[in-house]
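**Student:** Listed here are the chains, written in short residue letters.
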Amino acid sequence: MSNFFTASIGRKFLMSITGLFLMLFILVHLTINLLLIFDDSGDLFNKGAHFMATNPAVKIMEPILGLGFLIHIIWSFLISWENWKARPVKYNKQDLSKASSWSSRNMLILGALVLVFLVIHLYNFYLKIKITGSPLLEHTNVGGVDMENTYNLVSSLFIGNWFYSLLYVAGGILLGLHVIHGFWSSFQTIGLNNQIWMKRLQTIAWVYAVVVAVGFSVIPLYFLIKF
Amino acid sequence: MADKILKKLYIKVWRQNNAQDKGRFETYEIENVSTGSSFLEMMDILNNNLIEKGIDPVAFDHDCREGICGICSMFINGRPHGPDSAVTTCQLHMRKFNDGDTITVEPWRAAAFPVIKDLVVDRTAFDKILQAGGFVSVNTGGVPDGNAILISRDDAEEAMDAAACIGCGACVAACKNSSAMLFVAAKVSHLAKLPQGRIEAKARARNMVARMDELGFGGCTNTGACEAECPKSISISHIARLNREYLVAKFSE
Chain X
1 MSNFFTASIG RKFLMSITGL FLMLFILVHL TINLLLIFDD SGDLFNKGAH FMATNPAVKI
61 MEPILGLGFL IHIIWSFLIS WENWKARPVK YNKQDLSKAS SWSSRNMLIL GALVLVFLVI
121 HLYNFYLKIK ITGSPLLEHT NVGGVDMENT YNLVSSLFIG NWFYSLLYVA GGILLGLHVI
181 HGFWSSFQTI GLNNQIWMKR LQTIAWVYAV VVAVGFSVIP LYFLIKF
Chain C
1 MADKILKKLY IKVWRQNNAQ DKGRFETYEI ENVSTGSSFL EMMDILNNNL IEKGIDPVAF
61 DHDCREGICG ICSMFINGRP HGPDSAVTTC QLHMRKFNDG DTITVEPWRA AAFPVIKDLV
121 VDRTAFDKIL QAGGFVSVNT GGVPDGNAIL ISRDDAEEAM DAAACIGCGA CVAACKNSSA
181 MLFVAAKVSH LAKLPQGRIE AKARARNMVA RMDELGFGGC TNTGACEAEC PKSISISHIA
241 RLNREYLVAK FSE
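Going down the list, the protein sequences come from chains X and C.
Mapped onto the working numbering, the consecutive letters of the first sequence carry residue numbers 1 to 227.
Mapped onto the working numbering, the consecutive letters of the second sequence carry residue numbers 1 to 253.
Because the hints were derived from the structure by calculation, they are not lab data.
We treat Cβ as the ideally placed atom computed from N, Cα and C, and that holds for glycine.
Incorrect hints may appear among the rest.
Straight-line Cα separation of at most 30 angstroms, BS3-like style, residue types lysine-lysine; simulated pairs [unchecked claim]:
| no. | chain 1 | residue 1 | chain 2 | residue 2 |
| --- | --- | --- | --- | --- |
| 1 | X | Lys93 | C | Lys4 |
| 2 | C | Lys7 | X | Lys98 |
| 3 | C | Lys22 | X | Lys93 |
| 4 | C | Lys128 | C | Lys176 |
| 5 | X | Lys85 | C | Lys202 |
| 6 | C | Lys53 | C | Lys96 |
So the derived label-pair ranges between C-beta atoms look like this [claimed, not checked]:
| no. | chain 1 | residue 1 | chain 2 | residue 2 | range |
| --- | --- | --- | --- | --- | --- |
| 7 | X | Ile73 | C | Ala86 | 33 to 41 angstroms |
| 8 | X | Val214 | C | Ile199 | 49 to 57 angstroms |
| 9 | C | Asn98 | X | Ile32 | 56 to 64 angstroms |
| 10 | X | Phe69 | C | Asp3 | 54 to 62 angstroms |
| 11 | C | Asp155 | X | Lys98 | 31 to 39 angstroms |
| 12 | X | Val207 | C | Gly141 | 50 to 58 angstroms |
| 13 | C | Glu157 | X | Phe5 | 32 to 40 angstroms |
| 14 | X | Trp84 | C | Glu52 | 41 to 49 angstroms |
| 15 | C | Gln20 | X | Pro63 | 47 to 55 angstroms |
| 16 | C | Pro144 | X | Ala57 | 57 to 65 angstroms |
| 17 | X | Val207 | C | Phe135 | 41 to 49 angstroms |
Kindly generate the complete structure, drawing on both the sequences and the hints.
**Tutor:** Now the structure itself:
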C-alpha cells in the first residue's frame, strides 16, 4: 500500500469512494426532502426531520459525512492542480467538443459552484437548526411528540421568494450536471466497469442525475407556485 | 473522377528551433492542393515550397504512412490527427478541408512530451513506461503446442483490441489532463487478458503506473476524449481494467 494516496490512481480512488458515499447521502437527503411536498401541514416532514436529528446512526454518520465532503473537495483541487501542471504550454486551438461531454470536462467548475451553493445552503438551514436556532423553528407537537418546526423554516425561505427558490433550482441542476459524469466515472475509477456495463452505468447515471436535479428543483418551485 | 483542387490554404504552423527556443506560429500560404492528397503530402509540398524560398522546412515526424507506426503526431485544428475519427495524420485527407481555410498545426502538448523541433516531440516517456513492465519475462525455448494453453475467444479478442495500440500519443494530446492512462491501460490490458501475462500482472500494474506518474503525465478524469481521438479506437473500458489491476495489486501489497 506504499504511496497509494499520492499515486494518481490512489488519489482518484479517494475521489471516487467519497463521491459514491456523497451520492448515497444525496439520495437519503432527497427522500426526506420530498416529504415537504406531500403534506402541506408539515407534520410529515417534521417527523422525518425529527427522526434524522435524533437517530443515533445519523449522529454517527454526520462527522463521517463531513469528512467525506472535506476529502472530496480538497482532493479535487489538488488533483486539478496536478492535472493542470501536466500541460505547461497550452494549445492555441483546442476542440474537445467532439470527443467528450461538457460536464465531464468541467467537473471542477461544476463542483466549485455546488460548493458555493452548499455554503449558502448550510447557512440557510444547518446553521439555524444546529447552532444558532431561529424563531421560525418554534416547537410544534406532532402526534404527541414535541419537535422543532423545521417545515416552517424551509417553507418560509421559499414562499414568495424568487431569489432563493431559483437559487435552489440552480443548485439542483448544477448537482445533476456534476453527477451525470460523476456517477459512472466513480465506478470506472474503482475498476467496476467493462464494455457491457459502460452503457448501463451511463444510463443509470443519467437517470440518477435527472432524479436529483428534478427532485431538488421541484421543492422550491412547489412552495413558490403553490403558496 | 479527378480530385477537387483546393486553390489556396493558409497553414498556421508552430515553429520552434529547438527545445530551449520559445517558439512561435508562422502562417504559410499554399496553392493548388489536391483533395486526394494526404495531410502529410500537403506538408511535403509546403516544405518543398519553403526550401525553394530558402526557408527552413517544417520538421515533422512521419514514417510508414499507412496508419501503423503512429509517429505522425500533429494537432490539427484543435484535434489530434485532425478532423476525422480513427485515423492517424497520414490517413487524414485534404478533402476534410475547404478552399481558403486556415489550418492550425501544433505539436502534442504535454509536460512529458517536450518539443524537440517544430512539430516533433520527444515520446521516449512511453518507452520508459513500457520498460517498467510492459513485457512478459519468458525463456524463449521451442515453439509450444498451440493448444497447450487454452484461451477463450472473447479474451483473445479483447487482448488484441488493446494490442492495437500504436503508441502514437494521441490519447495524451487529446486529454485535458495530458493523461497517459489509455496508453498504459492498453499495454496492461493486452497482457492481463492472457494467461502468460497473469504471472507478472501485479508488478506490471504497480510499476507502469508508478513510472507514468513519475514522468509527469496527468491523472484520468474519465472524459473519454482519448477513446474518441484514438486512431485505433481503443476503449476506455481498458482503463477500468487498469484501475482494477492496479487496486488489486496495491491492496495485496
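**Student:** All hints, please: hold or fail.
**Tutor:** Status of each hint after checking the structure:
1. Lys93/X with Lys4/C: OK: Lys93/X and Lys4/C at ~27 angstroms, within 30 angstroms.
2. Lys7/C with Lys98/X: Measuring from Cα to Cα gives roughly 28 angstroms; hence the hint holds.
3. Lys22/C with Lys93/X: Measuring from Cα to Cα gives roughly 18 angstroms; hence the hint holds.
4. Lys128/C with Lys176/C: Between Lys128/C and Lys176/C the Cα gap is close to 22 angstroms, so the pair holds against 30 angstroms.
5. Lys85/X with Lys202/C: Measuring from Cα to Cα gives roughly 29 angstroms; hence the hint holds.
6. Lys53/C with Lys96/C: This hinted pair holds, its Cα atoms lying about 28 angstroms apart.
7. Ile73/X with Ala86/C: 33 to 41 angstroms: Since Ile73/X and Ala86/C have Cβ atoms about 38 angstroms apart, the given range 33 to 41 angstroms holds.
8. Val214/X with Ile199/C: 49 to 57 angstroms: 51 angstroms, holds
9. Asn98/C with Ile32/X: 56 to 64 angstroms: Holds - the Cβ-Cβ distance for Asn98/C and Ile32/X, about 57 angstroms, lies within 56 to 64 angstroms.
10. Phe69/X with Asp3/C: 54 to 62 angstroms: 60 angstroms, holds
11. Asp155/C with Lys98/X: 31 to 39 angstroms: Hint holds: Cβ distance 32 angstroms, inside 31 to 39 angstroms.
12. Val207/X with Gly141/C: 50 to 58 angstroms: Holds, since Val207/X and Gly141/C (Cβ atoms, about 55 angstroms apart) stay within the stated range.
13. Glu157/C with Phe5/X: 32 to 40 angstroms: 36 angstroms, holds
14. Trp84/X with Glu52/C: 41 to 49 angstroms: Holds: the Cβ-Cβ distance is about 43 angstroms, inside 41 to 49 angstroms.
15. Gln20/C with Pro63/X: 47 to 55 angstroms: 53 angstroms, holds
16. Pro144/C with Ala57/X: 57 to 65 angstroms: 58 angstroms, holds
17. Val207/X with Phe135/C: 41 to 49 angstroms: 43 angstroms, holds
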